[in-house]
Structures are given as structure tokens and as C-alpha cells.
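Note that the protein sequences, when read in sequence, are chains A and B.
The C-terminal residue of the first sequence carries number 326 in my numbering, and the numbering is unbroken.
The C-terminal residue of the second sequence carries number 1335 in my numbering, and the numbering is unbroken.
Hint data in this document are derived by calculation from the structure and do not stem from the laboratory.
Cβ coordinates follow ideal geometry from the N, Cα and C atoms, glycine included.
Hints may contain errors.
[Said to hold, decoys possible] Now the stretches of chain A that chain B is said to cover, found in silico as 3 or more residues with beta-carbon under 8 angstroms: (1) 72-86; (2) 162-175; (3) 294-303.
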Amino acid sequence: MSTTTAGIAGNAQAVPSQRFSDAKSGLASRHATNLAVQAVAVLATVLALIPLLWIIGYVIYQGGKSINVELFTEMPRPAGMLGGGVLHSIQGTVILTLLASIFAIPPGVFAAFYVVYWPNTLLGVAVRSATDILSGVPSIVIGLFCYALLVKTTGHYSALAGGVALAILMLPTIIRTTEEMLKLVPRTLYEASAALGAPEWKTSLSVMLPTALNGIATGVILGMARAAGETAPLLFTALGNDRFNAPQIFRGSRALGASVPQALFDVVNQPVDSLPLTLYKYASHPSPDRVEQAWATAFVLLVLVLAINIMARSWVARQTAKQRGR
Amino acid sequence: MLHSRTSAQATPDILIRLRKSLKHGDRIWNAGTAAIATLVLVLVFSIGAMLWVSSEAARKQFGLGFVLPTADYAWNPVTSNFQAWPFIYGTLVTSLLALVLAVPVSLGVAIFLAELSPAWLRGPVGWMIELLVAIPSVIYGLWGVYVFLPAFVRPLGVFLGVLGSVPGFQSIFVGPMPESGSSLLAASFVLAIMITPTITAITRDVFLAISADQREASLALGATRAETILRVLVPYGGSGILGAIVLGLGRALGETMAVTMVIGNSLMGSYSLLQPGYSMASVVASQFLEATDELHLTALIEVGLVLFFITLLLNIIARWLVSRIDRQSSRTAGA
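One chain only, chain A, in its complex shape (with noise of 0.2 angstroms):
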């Protein structure tokens, strides 16, 4: 009895001194590993910063190194010879990313206006998970498609079944900053037009479009930056063509009697290159200086494209903040 007694009297007393120096230990474990959480967060974002200065650095060195003027107003030379440029492909990049944009922008804009009018009807939610399913098609299954589509059925390559490629890559991307922008559009704006006795369609290209027009550019422009990047959709349906020359088609045409439209047409026919088409291809050329002509080509396209990103976010950043002032 006593002993029992005694017994728990000893534990009673060692209990506590013994949580006590286990809250001690567990509170400075707890601290340890707050620390070592929070540390490696820290290095995970070192790490993943890591790849992009080292891609950055070295394209802008070693691209930096090999750019010349010949570059953009030289046509390329026969495989063998050195120098030349890479003028057709600069004209390949624009030709296919505007023919993109025509293709996309209009159909885009359109469709985001469905989509904000009537989020909850069947075709509404139904057309914005088509719309994230297509953004989440591999650009290759894309090119395919195309090929299928375009190339197979008119039996040759072309810039515009490349256009169509790269229009089908943009459309999310517009249909979604168009549809975010429109719901910015203060639903005050809306509803004074409409009590003006605007019909919808009024409303929606007077009042809503302009109101939200440049957000939308920027979006359009963010997406046109990424199809000049694309590659992969172009393989088997602009091809690629070292003697695209687009004045000299256009004139040739031309002189043969054609209109101006089918002079043009004869030109977004043609199979073309682009920056990033060259650049796969030049990237395992044997010669040394197409390589180098690839490190060129890497340069301006990263230029290119960094500096329409950064200045379309900044942007951004800048209206939102005026907004979040006011």
C-alpha cells in the first residue's frame, strides 16, 4: 500500500520535470525543423532560378557573339558557303503570326462574348472546357491535325495551313484574356447602356470592347509572342523554305498579271520558315556556322520574346495598380 503510494507519488513528481523537458526539446525540434522547412524553400527557389539565368546568360553570350547585321537582311546562303542571313525566316515569323492573328482574334473575341453573356448555359460551360482542352492539346497533335486538314487534302505545304496551326494554338489563350477582361467591364457601364435602350450587340462592341480593349491587346500580343516561339505545329505544315522570299513573290506574281489578293495568296501559299524552324534546323547542322547562325537566331528570338513579355506585364502591373488606387 504504502509502496504503491510512494509509487505514484514518485511519478506524479517525475511526470511533469519529465513533460517539461519534452516540451523543451520537442519546442526546440519544433524550431528546428520551422527553420530547415523555410530554409529549403529558399533553396528550392535558388534551384529554380538557376536554369533560367544560365539559359538567358548563355544564349545572349554566345548568340550575342555571332550576331551581325547580315543576319536580318541576308537571304541564306547554299549550304558550304559562310555568312548569309536569316531574312526569309524573319519573313516567314511575321507572315505566319499575322495570318495566326486574323485567324484567331476575331472567332476569340466573339466566343468570349458568348462565354461572359451565358457562363451557365449548356453551350457556355461546355465551350470554356473546350476552350481549356484546347489549350491543353500537345502543339504537335495540333501540327498533325493541320496536316490532315490543310496540307493532305491541297496536296502541298503552305503558310497558311502554318497560320491556321499557330491560329488554333492562340485561340484559348485570346478566348480566356478576352472572357477576363470583359468581366472587369464595371457591370455599372453595362447597365447604362442598356437603360439608354442600347441592344446588346451595341453594348457590347460601343461600350464593353472598347472599355476592356487593352487588356485584350495585351493578351493577344502575350499570345502572338508565344506562336512566333512555336515550332512543333509548323513542322509538317509550313514546312520550311530557305528561298522564300516574299517581295519576290509578290512582284513575280505580279508581273504574271495577278491582283494584288491573288499576288498575296500566292505568297501565304508558298511553304515558309520561321526564326524557331530555322533554328531546329541550323541546331544539329554540321557546319559550324549554321550553328553559330542558331546561337543568332536563338538571340533574336529570346529578345524577341522576353521583351514583349516583360513590357505586356509590366503593363499589366502598372493598370492594376491604378485600378487598385483609384
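Put chain B on the given structure of chain A with help from the hints.
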């Protein structure tokens, strides 16, 4: 004369009625936007349908065996025998390894950006991570081939080749790695770099969507920051984070140019990570223009079809997971 005058009087009436019945153009507007919106839907369906129709010859010839794992796989344009298993293996193994490499880093960065970073650093670092998404994939490929492979992957491959003699690692680390470093391992690393920003950005947004109450409640109970993050925020945003990972996986599966440039593009002789191989996207990119035989061409289109279905499925799963966190947080905010 008289007849024409009556019709002239009648016309405005018809016009007014027409305008009314069209609701001053809104019928046309609504029908027009609906038609264009439907076009997007049609586009997605026609991508699937077109690939399905275009790959008919290969589908009829090889049936389901085309996509199933087989021991004696073949991809031989000479004998016209095509099975996609080596490419499916290449795609799956590189994408999954890329996930294993990218997910811990992405989670770390997202935690840093959403929870730990001082406010002045949050913007610039977030920006830089997002810029990684904007870099065209050929540039990753070029950098990979000439810089990253010789500097990092090749030495790592030599080291792992030594591990290949350890039992248990034999099948996946069989060397020697080719001089260039082109291999499944190289593709995995480049993919990991490419998908890290995608996963990071979405995970960060998931953390930021969690209401401050959750953090404050946990901190008020005496939990440390790390405990709050790991035991409250991560489980709370779990489905959103999973969705981010699945989206990253979707991006890895479909990535073409960078992988084509570093994976080596040769029919695998083994399952080793140190050997060159093919992914589904890279086999299409590198063989399609050379395919003259009808069966070869349609087999490549069928590879595209399989890729389309896999990414379709993954995207649906990912969107569903991410949307769950949105609904969850809005419900909490409402209550």
C-alpha cells in the same frame, strides 16, 4: 404605279416588324456569337475525329496491340510492322521522372513565394519564374544540346552508369551513355526545368487562394510557420496542388521540340535511362516528313491520336481538381 406605291408603304411596316422580331439585331448577335463559340467546340471534336479517321489504316492493321506493352516490340518501316510501345514507354518514363524532379522544387518555390518571401521580393521572383514559361521550347533544346547535356547530364550519366553494376539498378542504369549525353535522362531533366514554372505558378495561386483565417487559426494555436504550411495549408490546398501537378504532367507529355533535340531519337535497345530513346511527340516530329509508306504515316498519326487522348484525359482530371479548391475556398468565404 398604284401597285408599287402600296408596296412602298408596306415595306417600312415589314422592316419594323422584322426589327422587333430580331430584337434590334440582338437575335443575330446572340446567334452569331453562339455559332462562333460552337466553332471552338467543333474544333476540339474535329481534332480527335480527324486523327481518328486519318489513322484508320494503322488502327485496322495493328488493333489494340499498337499501344500495349510487348516484349518483342517493332517499329520497322521496311517490314511495315509498327508498335508504339517504346514511344509510350519513353514518354511515360521521361514525364514521370520529370515530375519527380520538378514537384519538390515547385512546391518549395510556391511555398516561398506565397508564405515566406518578403513582399518586395515576391513580384520579381514570381515574374522570373513565369518568364521561364515564355521561352520557346527550341531554345531549351538548343541550350540542352550544347550546354546542359555536356555540363551536367553526361557527367551524371557516367556516375549513374557506375551504379548500374549495383543489383536492382541494372535495368534502368545500363550504360554507357552516348558521348553527346542524349538520353531519356537528358529529356527528363530538360522537361523538369520546363514544367517547374507551370506547377509553381498554379500551386502559388492555390496557396494564395486559401483564406488568411486558416493560417491565423493555426498560428494562434501555437503552430510554427512550417507546421502551418505543411499540416494546414498543404492538406487544405491538396486537390489544387494535385491539379497543378497533373497539368505539369500534361505539359511534359506533349512537349515536343526540346525533347526531340535531347532524347537521341533511336529505337531503344533497353529500358535504361542512360540510353537514347524516343517519346511519342519526338517520334512524330522526327519521322513524319520521312515517312513515305502509307502505313508508316498512319501509324505516326495514330501515335498522335493516343497522345491526344492521354492529354485530354489528364486535362479534364486536372481542371476538376483545381476547380474543387476554388469551390472549397468560396464556400469558406461565404460562411
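Structure-based check of all given hints:
1. With 0 residues having a beta carbon nearer than 8 angstroms to a beta carbon of chain B, the region 72-86 of chain A misses the requirement of three or more and the stated coverage is violated.
2. For a cut-off of 8 angstroms, the count of residues in the region 162-175 of chain A with a CB near a CB of chain B stands at 3, and the three-residue condition holds.
3. By the rule of at least three residues with a Cβ nearer than 8 angstroms to a Cβ of chain B, the coverage given for the region 294-303 of chain A holds, with 5 such residues.
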